[in-house]
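Assemble chain L onto chain A, guided by the hints.
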Amino acid sequence: DTAVSQTPKYLVTQMGNDKSIKCEQNLGHDTMYWYKQDSKKFLKIMFSYNNKELIINETVPNRFSPKSPDKAHLNLHINSLELGDSAVYFCASSRDVETQYFGPGTRLLVL
Amino acid sequence: AQSVSQHNHHVILSEAASLELGCNYSYGGTVNLFWYVQYPGQHLQLLLKYFSGDPLVKGIKGFEAEFIKSKFSFNLRKPSVQWSDTAEYFCAAQSRSGSARQLTFGSGTQLTVLP
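Heads up: the protein sequence lines correspond to chains A and L, in order.
Going by this note's numbering, the residue at position 64 of the first sequence is 66; the numbering climbs one at a time, nothing skipped.
Going by this note's numbering, the residue at position 1 of the second sequence is 650; the numbering climbs one at a time, nothing skipped.
So here's chain A without its partners, still in its complex pose (with noise of 0.2 angstroms):
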């Protein structure tokens, strides 16, 4: 029944590994997103697709790669973790403009 779901819940690592981030919504809504909320609780934008295409990409490092195999899914793959790559990680999906949907979150934290 879960809405908007992320696994895993929690992510720890070390630094120079890769890891995903998967997201899946059962909404049919037809556009999703990635959120980084840091230790200060800030919330901002990471990227955005919207049928499976990339519409939002804010200045976020390239090690930093999602991936929308379906308008349902997306992940974010990360590669060579940062020590300021910890933080929560929300997933979120609307229809077109109108409400978004967070997911848990995903807590990751780079050791």
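Hints were generated in silico from the structure; no laboratory data involved.
Each hint should be verified, as a subset may be incorrect.
[Unchecked claim] Straight-line alpha carbon distances no greater than 30 angstroms define the calculated BS3-like cross-link-like pairs of lysine-lysine that follow: (1) L:K698 <-> A:K11; (2) L:K698 <-> A:K73; (3) L:K710 <-> A:K38; (4) A:K69 <-> A:K46; (5) A:K54 <-> A:K11; (6) A:K42 <-> L:K707; (7) A:K42 <-> L:K710; (8) L:K707 <-> A:K24; (9) A:K73 <-> A:K46; (10) A:K73 <-> A:K54; (11) L:K707 <-> A:K43; (12) A:K24 <-> A:K43; (13) A:K21 <-> L:K707; (14) A:K54 <-> L:K698; (15) A:K38 <-> A:K24; (16) A:K54 <-> A:K43; (17) A:K43 <-> L:K710; (18) A:K11 <-> A:K43; (19) A:K46 <-> L:K698; (20) L:K720 <-> A:K43; (21) L:K698 <-> A:K24; (22) A:K11 <-> L:K710; (23) A:K24 <-> L:K718; (24) A:K73 <-> A:K43; (25) A:K11 <-> L:K718; (26) A:K38 <-> A:K54; (27) A:K43 <-> L:K698; (28) A:K38 <-> A:K69; (29) A:K21 <-> A:K42; (30) A:K24 <-> A:K46; (31) L:K698 <-> A:K42; (32) L:K707 <-> A:K38; (33) L:K718 <-> A:K46; (34) L:K720 <-> A:K46; (35) L:K718 <-> A:K54; (36) A:K46 <-> A:K21; (37) A:K11 <-> A:K42; (38) L:K707 <-> L:K720.
Here is chain L on its own, set in the frame of chain A:
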């Protein structure tokens, strides 16, 4: 540049007190406005939203917000808070023009309600 400001970083209230959290936005063009709540360790949940029409909008859990265009404000209010309202509150704005649909968030306001 688009921005959203929340001037109250931490608000502490006793139960039954009234609440008002400030939110101001700076955007070129018309915007949609939102308030989200994040309970400890949980994801963001929508409290209420304003797209158009009546500038006083009512949301869940007794919250309401008023859009004042002349002040570029969208303040959140609740007449009587409860302990369970303890959470982080985020104001957000979204441009209605163009293909970009991302939300621009304020820095959040931590509300602590004392029993």
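To see whether the hints hold, each was checked on the structure:
This hinted pair checks out: L:K698 and A:K11 have alpha carbons roughly 28 angstroms apart, not beyond 30 angstroms. Our distance criterion of 30 angstroms between C-alpha atoms is met by L:K698 and A:K73, whose separation comes to about 25 angstroms. With a C-alpha separation of about 27 angstroms, the suggested pairing of L:K710 with A:K38 holds against the 30 angstroms cut-off. Annotation: proposed proximity of A:K69 to A:K46 holds, straight-line Cα distance about 19 angstroms (limit 30 angstroms).
Under the criterion of a C-alpha separation no larger than 30 angstroms, the hint pairing A:K54 with A:K11 is consistent with the structure, at around 24 angstroms. Taking the CA atoms of A:K42 and L:K707, the gap is near 29 angstroms; set against the 30 angstroms cutoff, the hint holds. Pair hint A:K42 plus L:K710 holds up; C-alpha atoms about 26 angstroms apart against a cutoff of 30 angstroms. Proximity of L:K707 to A:K24 is assessed by CA-CA distance (about 34 angstroms); at most 30 angstroms being required, the pair is judged violated.
For the hint linking A:K73 to A:K46, the alpha-carbon distance of about 22 angstroms falls within 30 angstroms, and the restraint holds. Only pairs whose Cα atoms come within 30 angstroms are accepted, and A:K73 paired with A:K54 is accepted, the gap being roughly 6 angstroms. A C-alpha spacing of about 25 angstroms is found between L:K707 and A:K43, which places the hinted pair at or below 30 angstroms, so the restraint holds. With a C-alpha separation of about 21 angstroms, the suggested pair A:K24 and A:K43 falls inside the 30 angstroms cut-off, and the hint holds.
For the hint linking A:K21 to L:K707, the alpha-carbon distance of about 41 angstroms lies beyond 30 angstroms, and the restraint is violated. Restraint check: the Cα-Cα separation between A:K54 and L:K698 comes to about 26 angstroms, which is no more than 30 angstroms; the hinted pair holds. Restraint check for A:K38 and A:K24: satisfied, since their Cα atoms lie roughly 14 angstroms apart, inside the 30 angstroms limit. Among the hinted pairs, A:K54 with A:K43 is consistent with the structure: their alpha-carbon atoms are about 28 angstroms apart, no more than 30 angstroms.
The suggested pairing of A:K43 with L:K710 holds, with an alpha-carbon distance near 23 angstroms, which does not exceed 30 angstroms. For the hint pairing A:K11 with A:K43, the CA-to-CA distance comes to about 17 angstroms; that is within 30 angstroms, so the pair holds. Between the alpha carbons of A:K46 and L:K698 the distance comes to roughly 19 angstroms, so the proposed pair stays at or under 30 angstroms and holds. Note on L:K720 and A:K43: the hinted pairing holds, with a Cα-Cα distance of about 26 angstroms set against a maximum of 30 angstroms.
This hinted pair checks out: L:K698 and A:K24 have alpha carbons roughly 28 angstroms apart, not beyond 30 angstroms. A distance of roughly 27 angstroms separates the Cα atoms of A:K11 and L:K710; the hinted pair therefore holds under the 30 angstroms criterion. Using a Cα cut-off of 30 angstroms, the hinted pair A:K24 and L:K718 is violated, with the two alpha carbons roughly 39 angstroms apart. With a C-alpha separation of about 28 angstroms, the suggested pair A:K73 and A:K43 falls inside the 30 angstroms cut-off, and the hint holds.
The straight-line distance between the Cα atoms of A:K11 and L:K718 is roughly 39 angstroms, outside the 30 angstroms bound, and the hint therefore fails. Distance check on the hinted pair: A:K38 and A:K54 sit about 20 angstroms apart at the alpha-carbon level, within 30 angstroms; holds. Of the supplied pair hints, the one linking A:K43 and L:K698 holds, its CA atoms being roughly 21 angstroms apart against a limit of 30 angstroms. As the CA atoms of A:K38 and A:K69 are separated by approximately 16 angstroms, the hinted pair is consistent with the 30 angstroms bound.
Pair hint A:K21 plus A:K42 holds up; C-alpha atoms about 23 angstroms apart against a cutoff of 30 angstroms. Proposed proximity of A:K24 and A:K46 is supported: the alpha carbons are some 18 angstroms apart, at most 30 angstroms. About 24 angstroms separates the Cα atoms of L:K698 and A:K42, which keeps this hinted pair within 30 angstroms; it holds. For the hint linking L:K707 to A:K38, the alpha-carbon distance of about 28 angstroms falls within 30 angstroms, and the restraint holds.
Of the pairs offered as hints, the one joining L:K718 and A:K46 holds, with about 24 angstroms between alpha carbons and a cut-off of 30 angstroms not exceeded. For the proposed pair L:K720 and A:K46, the alpha carbon gap of about 24 angstroms is at most 30 angstroms, so the pair holds. Using a Cα cut-off of 30 angstroms, the hinted pair L:K718 and A:K54 is violated, with the two alpha carbons roughly 35 angstroms apart. Straight-line distance between C-alpha atoms of A:K46 and A:K21 comes to about 20 angstroms, which keeps the hinted pair within the 30 angstroms bound.
Pair hint A:K11 plus A:K42 holds up; C-alpha atoms about 19 angstroms apart against a cutoff of 30 angstroms. Between L:K707 and L:K720, the direct Cα distance comes to roughly 20 angstroms. Compliance with the 30 angstroms bound is thereby established for this hinted pair.
In this structure, the hints that do not hold are numbers 8, 13, 23, 25 and 35, in rising order.
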